[in-house]
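Q: Chains as they are written, first to last, in numbering that gives the first Met the number 0: chain A, 0 to 118; chain B, 0 to 171.
The hints are simulated quantities; they were obtained by calculation from the structure and are not laboratory data.
Do not take every clue at face value.
[Unchecked claim] Anything over 12 Å on all C-beta distances counts as not near chain A; from chain B, calculated:
hint	residue
1	Arg78
2	Thr87
3	Leu167
[Stated by the list, open to error] DSS-like mimics (lysine-lysine), calculated; alpha carbons at most 25 Å apart, straight line:
hint	chain 1	residue 1	chain 2	residue 2
4	B	Lys70	A	Lys91
5	B	Lys41	A	Lys51
6	B	Lys59	B	Lys70
7	B	Lys5	A	Lys77
8	B	Lys41	A	Lys78
9	B	Lys157	B	Lys59
10	A	Lys78	A	Lys91
11	B	Lys157	B	Lys41
12	A	Lys77	A	Lys91
13	B	Lys41	A	Lys54
14	A	Lys54	B	Lys5
15	A	Lys51	B	Lys5
[What the hints assert, rightly or not] Computed footprint of chain A on chain B, listed as stretches where at least three residues anywhere in the stretch have a Cβ under 8 Å from a Cβ of chain A:
hint	segment
16	2 to 10
17	15 to 29
18	93 to 107
19	120 to 134
20	137 to 151
Built from N, CA and C at the ideal position, the CB exists for glycine as well.
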Amino acid sequence: MEEAGFSTVILTPTPEFHRAIGIPRSVAIEYPFGRPVGQVHDREGQRNVLLKTLKVLEDAQAPGEIWHLPFTWPEEPKKTAWQPPEMSPLIKLYLADIRHARQREAERENAKGPTDGRS
Amino acid sequence: MERGEKRVDGFRFLPPGLRAWIRSFIPQGHFTGPIPWTPLAKPLRQATMGLVTSAGISLKIDPPFDMEREKREPTWGDRSFREIPRHTTGDDIDVNHLHINTTYIQQDINVVLPLARMAEFEQEEIIGRLAPTAYAFYGFQWQSMAFLETAIAPIARKLRLEGVETVLLTPA
Numbered sequence: 000m001e002e003a004g005f006s007t008v009i010l011t012p013t014p015e016f017h018r019a020i021g022i023p024r025s026v027a028i029e030y031p032f033g034r035p036v037g038q039v040h041d042r043e044g045q046r047n048v049l050l051k052t053l054k055v056l057e058d059a060q061a062p063g064e065i066w067h068l069p070f071t072w073p074e075e076p077k078k079t080a081w082q083p084p085e086m087s088p089l090i091k092l093y094l095a096d097i098r099h100a101r102q103r104e105a106e107r108e109n110a111k112g113p114t115d116g117r118s
Numbered sequence: 000m001e002r003g004e005k006r007v008d009g010f011r012f013l014p015p016g017l018r019a020w021i022r023s024f025i026p027q028g029h030f031t032g033p034i035p036w037t038p039l040a041k042p043l044r045q046a047t048m049g050l051v052t053s054a055g056i057s058l059k060i061d062p063p064f065d066m067e068r069e070k071r072e073p074t075w076g077d078r079s080f081r082e083i084p085r086h087t088t089g090d091d092i093d094v095n096h097l098h099i100n101t102t103y104i105q106q107d108i109n110v111v112l113p114l115a116r117m118a119e120f121e122q123e124e125i126i127g128r129l130a131p132t133a134y135a136f137y138g139f140q141w142q143s144m145a146f147l148e149t150a151i152a153p154i155a156r157k158l159r160l161e162g163v164e165t166v167l168l169t170p171a
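Extracted from the complex, chain B is given alone in its bound form (with noise of 0.2 Å):
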């Protein structure tokens, strides 16, 4: 069920050649199949909030993510995942990504994980708590689902052991 008055169109950035060739892999309609769903038990304001992203940021401390293989294996994405602490900034980053431009996120990390904005919030008491991790990993999965096991899994491991209640996602 669609909200709202405009109608966003997810191709409008896209040259004509990768959205046509994109459009055709996309199933029209809605999926109609069962959803997960679990309701927030408290209101946001006394929730803890984790942020997750797939923009493909690291510390600079860490292992970037691999894009020398992705370069030999074109159908190959990194399915590791990264852990972020909430103060981090772009000083701190490595963003590693060949399906964007990663500049942007380089000189505000908030434009795709928005940590700054999200403990703004948390001061405001909009929401209860940002959670002291955020995570990151790879978007460009072709074709398989390892991620889920191998980055979404630890991910939503560690994020219960923090206490969260809620998660952001932000793709990239």
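Extracted from the complex, chain A is given alone in its bound form (with noise of 0.2 Å):
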């Protein structure tokens, strides 16, 4: 979009992902997926996420930029319940897939031994 001309801004909760492709303005904010913008109904919440995210598409002189929003979601990930109440077709195809590297990342963080001071 932005090369048919249009200056863009994205509101992106997975900025490591849009980091990796190239975009012109992002906003990164650390909220659950499917509610970029804020929560129901918080129409002062979702305001000042917007506001910010404006702010940034006027503010931003290259692109590429990453602005990191300081918003908080208040709740703890698992009581968000982003997740759709039955498990994507893909999730369900690439199950080992998704065991196996479960898997691996435990037994990287086995490897590193006790992160607490001791060794």
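With the hints as a guide, bring both chains together as one complex.
A: Set out below in structure tokens:
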């Protein structure tokens, strides 16, 4: 869209992904998927997020910048219930891979050993 | 380049299995190729803004995004788009997305497509004008760029016809 002549800004909960693919203006927000602007009926909260996003649109000077917003989602991740009621078809397809990835990461964590200062 | 004091953790809400798996796809570090750039040609308070989301939102009077085909073909994502007039609320829409819980969007469309908030900003002259039409497409596109032709290109053409100069993109 930027190539088509629009000045664009993306409000993204996945900045690591957008950083890797190259986006003109990214505003990163640590909110659950599906609600990047804010909580249901929280007009004030939504406005705050959007005002900061519009500011980035105006202030960004060069492509590829990622501006991190300071807001914290008030719920624990497990309580946000952002996931779909049924596992997505893709996840079902790749369930074995997902389990292996989890295992490999757990093994890497264990290999690092205790991280509480003892050694 | 990162700006701001916080470092947003895009993996925070993912359960450990998904986190580990998705992390394995994402290249480390910043993209180093050329990134397109269109500077704002005028102050935002004079500009016309359009909204585009990938949250699978459609008007009830239009065909919904196709979830049944995705269930049959798990690597296929609907690559069409829908027009969402600026006065649309949760009561007017269907939300179809197999990868997120859609109930919040149904309750308050603004959590992902902030039409009411942007209309307020237009009233308050923070933006010049909110475009008459917003657009929704479907964000699950697995290793396929077809949606650029079937959704993004037509959306761009329509935005241009409505005099849109700047676009806010909100992924689901």
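Q: Take the hints in turn and mark each one as holding or not.
A: Each hint tested on the structure:
1. For Arg78(B), the non-interface assignment is confirmed: its Cβ lies about 15 Å from the closest Cβ of chain A, beyond the 12 Å cut-off.
2. Every CB of chain A lies more than 12 Å from the CB of Thr87(B), the least distance being 15 Å, so the non-interface label holds.
3. For Leu167(B), the condition that its CB be more than 12 Å from all CB atoms of chain A is violated, with the nearest at approximately 6 Å.
4. With a CA separation close to 10 Å, the supplied pair Lys70(B) and Lys91(A) stays within the 25 Å bound.
5. The straight-line distance between the Cα atoms of Lys41(B) and Lys51(A) is roughly 18 Å, inside the 25 Å bound, and the hint therefore holds.
6. Simply put, Lys59(B) and Lys70(B) have alpha-carbon atoms about 21 Å apart, close enough for the 25 Å limit, and the pair holds.
7. Among the hinted pairs, Lys5(B) with Lys77(A) is consistent with the structure: their alpha-carbon atoms are about 22 Å apart, no more than 25 Å.
8. In summary, the hint linking Lys41(B) to Lys78(A) is not supported, as the alpha carbons are separated by about 43 Å, beyond the 25 Å threshold.
9. The suggested pairing of Lys157(B) with Lys59(B) holds, with an alpha-carbon distance near 21 Å, which does not exceed 25 Å.
10. With a CA separation close to 23 Å, the supplied pair Lys78(A) and Lys91(A) stays within the 25 Å bound.
11. The hinted pair formed by Lys157(B) and Lys41(B) meets the criterion: a straight-line CA distance of about 21 Å does not exceed 25 Å.
12. Taken as a hint, the Lys77(A) and Lys91(A) pair is honoured in the structure, with Cα atoms around 20 Å apart against an allowance of 25 Å.
13. Under the criterion of a C-alpha separation no larger than 25 Å, the hint pairing Lys41(B) with Lys54(A) is consistent with the structure, at around 14 Å.
14. Annotation: proposed proximity of Lys54(A) to Lys5(B) holds, straight-line Cα distance about 17 Å (limit 25 Å).
15. Between Lys51(A) and Lys5(B) the alpha-carbon distance is near 14 Å, which keeps this suggested pair within the 25 Å criterion.
16. Counting residues of the segment 2 to 10 of chain B whose C-beta sits closer than 8 Å to any C-beta of chain A gives 9, which meets the bar of three, so the coverage hint holds.
17. Beta-carbon proximity to chain A at under 8 Å applies to 13 residues in the segment 15 to 29 of chain B; the threshold of 3 is reached and the given coverage holds.
18. Check on the segment 93 to 107 of chain B: 10 of its residues sit with their Cβ under 8 Å from a Cβ of chain A, so the three-residue criterion for coverage holds.
19. Counting residues of the segment 120 to 134 of chain B whose CB falls under 8 Å from any CB of chain A gives 3; the rule of at least 3 is met.
20. Counting residues of the segment 137 to 151 of chain B whose CB lies closer than 8 Å to any CB of chain A gives 3, so the stated coverage by that chain holds, three being the minimum.
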